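2 protein chains.
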Amino acid sequence: MADQTIPYKIYLTEEEMPKAWYNLRSDMKNKPAPLLNPGTGKPLTAEELSPIFCEELVAQELDDTTPFIEIPEEIRNFYKMYRPSPLVRAYCLEQKLGTPAKIYYKFEGNNTSGSHKLNSAIAQAYYAKKQGLKGVTTETGAGQWGTALSMACSYFDLDCKVFMVKVSYEQKPFRREVMRTYGASVVPSPSETTEVGKKILAEHPGTTGSLGCAISEAVEVATKNPGYRYVLGSVLNQVLLHQSVIGLETKAALDKYGIKPDIIIGCAGGGSNLGGLIAPFMGEKLRGEADYRIIAVEPASCPSFTRGTYAYDFCDTGMICPLAKMYTLGSSFIPSANHAGGLRFHGMSSTLSQLYHDGYMEATSVEQTSVFEAAEQFARVEGILPAPESSHAIRVAIDEALKCKETGEEKTIVFGLTGTGYFDLVAYQKYNDGEMTDTIPTDEDIAASIAKLPKVPEA
Amino acid sequence: MADQTIPYKIYLTEEEMPKAWYNLRSDMKNKPAPLLNPGTGKPLTAEELSPIFCEELVAQELDDTTPFIEIPEEIRNFYKMYRPSPLVRAYCLEQKLGTPAKIYYKFEGNNTSGSHKLNSAIAQAYYAKKQGLKGVTTETGAGQWGTALSMACSYFDLDCKVFMVKVSYEQKPFRREVMRTYGASVVPSPSETTEVGKKILAEHPGTTGSLGCAISEAVEVATKNPGYRYVLGSVLNQVLLHQSVIGLETKAALDKYGIKPDIIIGCAGGGSNLGGLIAPFMGEKLRGEADYRIIAVEPASCPSFTRGTYAYDFCDTGMICPLAKMYTLGSSFIPSANHAGGLRFHGMSSTLSQLYHDGYMEATSVEQTSVFEAAEQFARVEGILPAPESSHAIRVAIDEALKCKETGEEKTIVFGLTGTGYFDLVAYQKYNDGEMTDTIPTDEDIAASIAKLPKVPEA
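Chains Y and Z are the protein sequences, given in the same order.
Just so we're aligned, residue 25 is where the first sequence starts under the numbering used here, counting upward by one.
Just so we're aligned, residue 25 is where the second sequence starts under the numbering used here, counting upward by one.
By construction, these hints were calculated from the structure, which means they are not laboratory data.
One thing to keep in mind: the hints can contain errors.
Since the list can't tell identical chains apart, any single copy or any two copies may satisfy a pair.
Okay, derived cross-link-like pairs now, DSS-like style, lysine-lysine, Cα gap no bigger than 25 Å in a straight line [as the list claims (entries may be wrong)]:
hint	residue 1	residue 2
1	Lys120	Lys154
2	Lys120	Lys435
3	Lys33	Lys43
4	Lys154	Lys104
5	Lys104	Lys280
6	Lys120	Lys104
7	Lys479	Lys349
Remember, it's a predicted structure, so these values are computed and weren't measured experimentally.
Same shape as in the complex, but just chain Y (with noise of 0.2 Å):
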C-alpha cells in the first residue's frame, strides 16, 4: 500500500478529545431562523420551551452565540467508553477503485446503538439527570435513537419510554429487544396509554402508526406527567451541537497528520450527522481559513434539499410541534418505501438549511439500489456492513473518488460512516435477491404536499 505513513485508523488519545463542543451557529452571520410558535408566529422562549424540553437543553437551543461549549465530565467519562471513534483510511477500498483519490471515513458504529445517536442521547438524558427528572419520553421509527436513549437512560437511571411506531414494534423485534435489556418501556404507537393515541386509535383502528402520532405521545406523556421532559434525536440546534464532536474528533485525527481534505460528504436526513461531522470544518470556511466542498447526500426518494422549498413548516406530520425554517417537501409529504427509515424525515435542519440557502454547501440524492450497490462494495472490502443512510455517503464518496480516477486527481475526500447495518438485514435480502427498487417523487406529489405548507401567523 501507498503512503503507509498514516495508519489504517487513527484514534486520537483520551487527552486529545473535545473538551467542549462547537457551535456552529456562532460562526454564522446569517443566523438559522428561529422557531416559532404555531399560534402566535412569534420566535418561542426560553419560557414556551422548558414544560417540553429539559433547561440546559433549551438554554443549548436558543444560544446562536457562543462557540464552545464545555461538555460535563460525566458525558465526557460516558464518551470515553465508546469514543475516540476511529478515522479509518480506507486504504483497501481505494485500491479496489484503482483511485489515485485518499479516502478517510468517521466511523460512528462501534458501539451497541450502532450509530452516531448516541452523542446525544447521552448528552439529554445527562442534563435531564441534572434537572433532576424522573425520565424522559420519545418516539422511534426504526429504533437507533431509541435505542441510543435507552442506553443512556440506563446509564443515569433515568425512566425511558420510547413510543414506538407499530408497524417498526412489530417488524423490528430485535431493536425493541436491545432497547428493552438496556431497561426502557417500549410503547407501540398508536397507543392507549395516551388520550392522542386513544383518539387516533377511534379514528383510524387498523392503523399501523406514523412517527408524526408517536410523536404526539411522547410529547403527552412527557408534558403531562411531572419530572418528565421530551427528548428528540436529530434536526434541533442543540443535536447537532452535541454532534459536533464527530466533527471535532475527525479535524484533531486529520491535524494530527497534516491532512486537509477536498470534501466531505455526509448523509442527510434530519441533519444530525452532516452537522456534527463538517461543524469545524464549516466553521473554518465560514470564518475564511479554508475552503471545503461539503455535500449532504439524501435519498431520491425523500430529496428535502435537492427538491424541496425554504419556508416555515412543522417538524412533525401531526403537526403539534413549533415550526422551523427549513428546506421541506411539507410535513404531509409521506416517502415512498426506502430502507434507510432514518433518512425518512421531510424536512431538514434549520442551520443546514440556511448554510445550504446561503451557498456553503452542496446537495445530491442518490437512488437506493445504487446505495446498496455502493454498501456491498464498500461491505466487501473495508470489512464493515455498512447501515442503508450511512450507505449514501459511500455512493458519493465512491463517484468522487471516481471521477477522480478519469482527472488523475490526488484528491482528499473524507466521509461520515454513520453507522451499521445488523437490522437492516430485511433491505439487504432484498437487493441481494434483486427485489429493490426505487421509488421516487413525482414533481405532482412534491408540488401537493408543498402546497399544504401552513400559513405562518404575522408576529
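With the hints as your guide, set chain Z onto chain Y.
Showing chain Z alone in chain Y's frame:
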C-alpha cells in the same frame, strides 16, 4: 473514577501489533496428543491431511515446536482494518459492583462478523489463496464462523461455500444475508447437493440438520472438487495459533501500563477464543516465569471440561473426522437447548485439554439464566450488548470481582469479550420475558454418550 492513569481503552499502535503468532504447544512439556486416523489408530500424517486442509495449515497443525510463526504481511494488513481490538478497562462495571478489583476485557466484537472468528478465517483464506485454490467449504451453525469466513474469502476473491444447519438457515435469515452480501453461497444442510446430504434426506426426510451433517457435506464438497479445501473455525491447533493474536495484543497492552493480571477468564466451546486469549500468559506459566489463575467457563448444558472424560473421540457427530484426544461428553452427546450456540460442542481443543489435564488451568460451568443476568448488567453499564457465549466469561468475571469486594482484595481480572449479541436477540427476548430456563444434563445422559466413545484401534 479512581486510578485514571489507565485509559478506558488501551489501543496498540500499528507498530505495536503482533508480527508473529505464538505457538503455545512449543512450550508444553506434555504435547497435545496427535490426531489419529480412526481406521488405523495411527497419528495422521501431513500427506493424509492435505487432501482436506491447505498445505500450510497442515504444517501449522502438526508443528508443536516452533514458538513463533510469522504473520504474513497480507494478513497483517487485513488485521489492521479491524485490529488492534481494544483492551477496555471496565471502570463503569467496577463502580456499579463496588469492587476494589480492576476489571479489563479484550473486546473482539468490533468487526462485522461480530466475533474473534475473523482472526483465523482471514489466515485460512490467505493460505488457500496462496496455494492457488479456487475456494473453501465449511459448515456453520449459528453463523459467526460462516460470516467471518465469507468476509475473508471476499477479501481474497475466493469462492466460499457454507453449509448452514437447516434450522439456523431458516431461523437466522439475517446471518445468512450477511454471508450472501459477502458473496458466499449458503446452502441449507442437509442438501441435495452432496451424496451424504441426499442419503440423510432419504433416511430422515423432515430433518432440520445438525452440525455433524453440515461438516460431512462440507468435507465431501472440498475433497471431491479440485481446487477446494475444507476449513474449520475452532478446536484445531492451527485455529488456536491464529487466535493467539488476541492474547499477544492483550499482553502487549497490559505490559504498556505495567499491569499484571491475577485472573484470566474466557468462555470455552471448542476453545479457540480461550486458547488465543491465554496463549502468551500460559506460555509464561509453562516456562515458570509467572503465575496466573486461568479459568475456562463453559455452559452447564454442555460441560465438557467439568463433567466430560479425557479420551480419544470424533470431533463431529457424523464421526467422519479424525480422532482427537480431548475432554469430551461423547460425540453422540446432544446438548440441551442453549442460546450460546458457539459453546454447544461436545469436545474441547486438544491443546487446552492437555493443559487442563496437567493442572495449568481451572474450569467452571454456569447456567444460562445467570449468564443473561450478567449480560444485561454488563450491557447497561459498559454499553456493549454481549454475545451469549462471551457472557459466560462476564458471569465469572463479575463473580470473582464480587469475591474481591468481600475480601477487599484489589485483584486484576482480565476476560475475553469475544463478540456482540446483535444476532442473539431471540435469546435476550426470552430472558426479558422471563421465559428462559436452564436444562442441565443428568449423570445418566453423560454416561450414556461417553459409553459410546469410539474404540481406538491398536496402532
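Status of the hints after comparison with the structure:
1. Lys120 x Lys154: between (49 Å within a copy, 19 Å between copies)
2. Lys120 x Lys435: For Lys120 and Lys435, the Cα distance is within 25 Å only inside one copy (17 Å; across copies 48 Å).
3. Lys33 x Lys43: both (22 Å within a copy, 18 Å between copies)
4. Lys154 x Lys104: within (20 Å within a copy, 41 Å between copies)
5. Lys104 x Lys280: For Lys104 and Lys280, the Cα distance is within 25 Å both inside one copy (19 Å) and across copies (19 Å).
6. Lys120 x Lys104: Cα proximity of Lys120 and Lys104: across copies only (17 Å, versus 34 Å in one copy).
7. Lys479 x Lys349: Answer is within; shortest intra-copy Cα gap is 12 Å, inter-copy 80 Å.
In this structure, none of the earlier numbered hints is contradicted; all agree with it.
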